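Asks: Take a look at the letters that make up each chain.
Protein chains: 2
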Amino acid sequence: MPFKTVTSKLAAQLDRDLMGPEIGFTLEQLMELAGFSVAQAVLKEYPLAASTKTQVLVLAGPGNNGGDGLVCARHLKLFGFHPVVYYPKPNSKTPFFSRLVNQLKFFNIPVLNVDENWTQFLDSDSTVCVVDALFGFSFKPPVREPFGSILQQLHKVQDRLPIVSVDVPTGWDVDEGPVEPNSIIPKVLVSLTVPKPCASKIDSLETQHYVGGRFVPAEFAHKYKFEPFPYENADQVVKLSPN
Amino acid sequence: MPFKTVTSKLAAQLDRDLMGPEIGFTLEQLMELAGFSVAQAVLKEYPLAASTKTQVLVLAGPGNNGGDGLVCARHLKLFGFHPVVYYPKPNSKTPFFSRLVNQLKFFNIPVLNVDENWTQFLDSDSTVCVVDALFGFSFKPPVREPFGSILQQLHKVQDRLPIVSVDVPTGWDVDEGPVEPNSIIPKVLVSLTVPKPCASKIDSLETQHYVGGRFVPAEFAHKYKFEPFPYENADQVVKLSPN
Numbered sequence: 001m002p003f004k005t006v007t008s009k010l011a012a013q014l015d016r017d018l019m020g021p022e023i024g025f026t027l028e029q030l031m032e033l034a035g036f037s038v039a040q041a042v043l044k045e046y047p048l049a050a051s052t053k054t055q056v057l058v059l060a061g062p063g064n065n066g067g068d069g070l071v072c073a074r075h076l077k078l079f080g081f082h083p084v085v086y087y088p089k090p091n092s093k094t095p096f097f098s099r100l101v102n103q104l105k106f107f108n109i110p111v112l113n114v115d116e117n118w119t120q121f122l123d124s125d126s127t128v129c130v131v132d133a134l135f136g137f138s139f140k141p142p143v144r145e146p147f148g149s150i151l152q153q154l155h156k157v158q159d160r161l162p163i164v165s166v167d168v169p170t171g172w173d174v175d176e177g178p179v180e181p182n183s184i185i186p187k188v189l190v191s192l193t194v195p196k197p198c199a200s201k202i203d204s205l206e207t208q209h210y211v212g213g214r215f216v217p218a219e220f221a222h223k224y225k226f227e228p229f230p231y232e233n234a235d236q237v238v239k240l241s242p243n
Numbered sequence: 001m002p003f004k005t006v007t008s009k010l011a012a013q014l015d016r017d018l019m020g021p022e023i024g025f026t027l028e029q030l031m032e033l034a035g036f037s038v039a040q041a042v043l044k045e046y047p048l049a050a051s052t053k054t055q056v057l058v059l060a061g062p063g064n065n066g067g068d069g070l071v072c073a074r075h076l077k078l079f080g081f082h083p084v085v086y087y088p089k090p091n092s093k094t095p096f097f098s099r100l101v102n103q104l105k106f107f108n109i110p111v112l113n114v115d116e117n118w119t120q121f122l123d124s125d126s127t128v129c130v131v132d133a134l135f136g137f138s139f140k141p142p143v144r145e146p147f148g149s150i151l152q153q154l155h156k157v158q159d160r161l162p163i164v165s166v167d168v169p170t171g172w173d174v175d176e177g178p179v180e181p182n183s184i185i186p187k188v189l190v191s192l193t194v195p196k197p198c199a200s201k202i203d204s205l206e207t208q209h210y211v212g213g214r215f216v217p218a219e220f221a222h223k224y225k226f227e228p229f230p231y232e233n234a235d236q237v238v239k240l241s242p243n
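First to last, the protein sequences are chains A and B. The first sequence begins at 1 in this note's numbering and counts up one residue at a time. The second sequence begins at 1 in this note's numbering and counts up one residue at a time.
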């Protein structure tokens with residue numbers, strides 16, 4: 001399915017519009033729906049009935065992409081998975097993020113800090129997949145530590161342990177795609193609201209491509225020159241490719 | 001399916017727990033998930049493919065039950081329905097409610113004020129159902145105007161136009177059920193988090209009973225002496241009866 005994309009610059013404008021005074025969405029609302037949609041994509045791609053494995057490693061970055069990951073982990077637990085969250089650089093600017101962490105503790109979901117041994121969960125015998133919620137469309141290179149080391153570890157295991165990237169695979173150029181020689185190649189990409197230009201690089205990579213974040217009307221999509229996606233029923237994600 | 005219920009008093013305590021400092025849910029998060037679950041119940045009960053009708057009348061009260069209705073209307077629009085909202089007494093205490101109204105305007109969903117003619121939408125030729133999001137578990141009688149007149153109108157049309165009540169049918173005693181002679185009888189009840197005692201009265205009324213608001217872990221349910229509900233996949237509602 002061909003799809004329109006919006007550049008990182010336009011995506012930032014789109015987010016400001018959605019949360020601006022006229023439309024009035026709150027970060028809490030959009031993050032809840034976005035994180036839920038990522039969890040639903042994981043469930044569709046890795047149905048619990050198809051495997052005895054239930055563990056999911058969620059890597060959460062310091063920004064809004066990380067917040068989507070924190071929400072995703074909670075919904076995964078409600079679906080029957082056993083998520084473990086690695087959150088090396090907690091967001092200290094927005095108080096809501098510490099609430100998201102409290103919610104994870106309420107669900108008995110382990111949240112590892114920077115010094116804890118997260119690589120023990122890179123075990124394909126027990127882990128279904130790794131959710132890459134490190135950085136999103138506002139990421140600018142270079143990758144700083146500890147994220148560079150995390151990406152190196154992911155690159156080593158990605159052939160046996162699938163990576164599910166949220167909106168933009170971490171380390172990719174949002175508009176250009178995988179420009180570094182050691183870029184990670186996710187098995188699943190969940191674009192949020194509308195794919196970013198880098199998503200057009202994945203058709204040749206056998207990556208399963210979903211779009212989630214079902215919260216804009218057709219007229220608004222048209223303003224940003226894309227068509228609404230063909231969501232079915234109450235689904236919060238729709239698979240774009242392969243069909 | 002037999003189910004445990006929690007009294008209005010315990011339900012209030014449960015909500016305070018969920019939004020307290022320890023667990024840290026925000027009203028925005030819980031309302032988004034609750035409203036979404038009601039919309040999903042409407043879609044399951046009245047699939048769009050089964051009818052040419054798409055209009056849904058949402059009656060939103062001044063409190064949190066009304067907020068769930070405002071969120072529900074937005075998701076109904078995203079699903080393909082054409083909701084119309086009657087919101088006679090806007091919530092003036094919590095600024096988030098005016099944001100919810102802005103979001104409806106963004107979706108081109110009509111929001112009628114107290115003086116507008118909402119009864120024109122009580123037309124079973126074009127309206128699929130009426131969502132009763134007027135009052136929830138914290139309602140205390142008596143019903144004041146304009147809500148008494150609204151309930152009278154609903155009572156008149158309920159045999160030809162199904163009512164979907166959110167958490168508690170408006171006018172019912174939360175713990176005792178339909179105590180007034182002219183109580184409305186919904187065709188669908190969507191209990192939120194856990195049914196309130198009045199829900200045990202509906203088995204004899206041929207009301208379809210769903211539970212939604214999928215946001216508590218098993219341990220928390222046990223604290224309130226109910227069992228987690230058997231949600232499937234990523235569903236945000238589960239049908240309790242009839243099976």
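If you are wondering where the hints come from, they were derived from the structure by calculation, not from laboratory data. Since the model is a prediction, treat every value here as computed from it, not as a measurement. We treat Cβ as the ideally placed atom computed from N, Cα and C, and that holds for glycine. Treat the hints loosely; a few may be bogus.
[Said to hold, decoys possible] In the DSS-like style, the derived pairs of lysine-lysine whose C-alpha atoms are separated by at most 27 Å in a straight line are:
1. 239(B) with 225(A)
2. 9(A) with 44(A)
3. 77(A) with 105(B)
4. 201(A) with 187(A)
[Said to hold, decoys possible] Computed Cβ-Cβ distance ranges for the label pairs, DEER-style:
5. 95(A) with 144(B): 56 to 62 Å
6. 22(A) with 114(B): 36 to 42 Å
7. 125(B) with 12(A): 32 to 38 Å
8. 80(B) with 148(A): 24 to 30 Å
9. 51(B) with 219(A): 41 to 47 Å
10. 242(B) with 47(A): 47 to 53 Å
11. 205(B) with 9(A): 51 to 57 Å
12. 230(A) with 108(B): 47 to 53 Å
13. 82(A) with 114(B): 48 to 54 Å
14. 49(B) with 148(A): 49 to 55 Å
15. 124(A) with 94(B): 54 to 60 Å
16. 94(B) with 227(A): 45 to 51 Å
Asks: With 51 to 57 Å as the target window, see if residue 205(B) and residue 9(A) comply at their CB atoms.
Replies: Given about 56 Å between the Cβ atoms, the range holds.
Asks: Is it true that the C-beta distance of residue 49(B) to residue 148(A) lies inside 49 to 55 Å, as the hint says?
Replies: holds (50 Å)
Asks: Does the alpha-carbon distance linking residue 201(A) and residue 187(A) stay inside the 27 Å limit?
Replies: holds (13 Å)
Asks: Is the Cα-Cα distance between residue 239(B) and residue 225(A) 27 Å or less?
Replies: Violated, at about 40 Å.
Asks: For the pair residue 94(B) and residue 227(A), does the Cβ-Cβ distance stay inside 45 to 51 Å?
Replies: violated (36 Å)
Asks: Taking the CB of residue 230(A) and the CB of residue 108(B), does the distance hold inside 47 to 53 Å?
Replies: This hint is violated: roughly 20 Å between Cβ atoms.
Asks: Mind checking the hinted window 47 to 53 Å against the Cβ distance between residue 242(B) and residue 47(A)?
Replies: violated (28 Å)
Asks: Starting from the hint 32 to 38 Å, judge whether the C-beta atoms of residue 125(B) and residue 12(A) obey it.
Replies: violated (46 Å)
Asks: Given the hinted pair residue 9(A) and residue 44(A), is their Cα-Cα distance within 27 Å?
Replies: This hinted pair is violated, its Cα atoms lying about 31 Å apart.
Asks: Are residue 124(A) and residue 94(B) spaced within 54 to 60 Å by their CB atoms?
Replies: violated (47 Å)
Asks: Taking the CB of residue 82(A) and the CB of residue 114(B), does the distance hold inside 48 to 54 Å?
Replies: Since the Cβ atoms of residue 82(A) and residue 114(B) sit about 50 Å apart, the hinted range of 48 to 54 Å holds.
Asks: For the range 36 to 42 Å, tell me whether the beta carbons of residue 22(A) and residue 114(B) fit it or not.
Replies: violated (24 Å)
Consistency note: the structure conflicts with the earlier hints numbered 1, 2, 3, 5, 6, 7, 8, 9, 10, 12, 15, 16.
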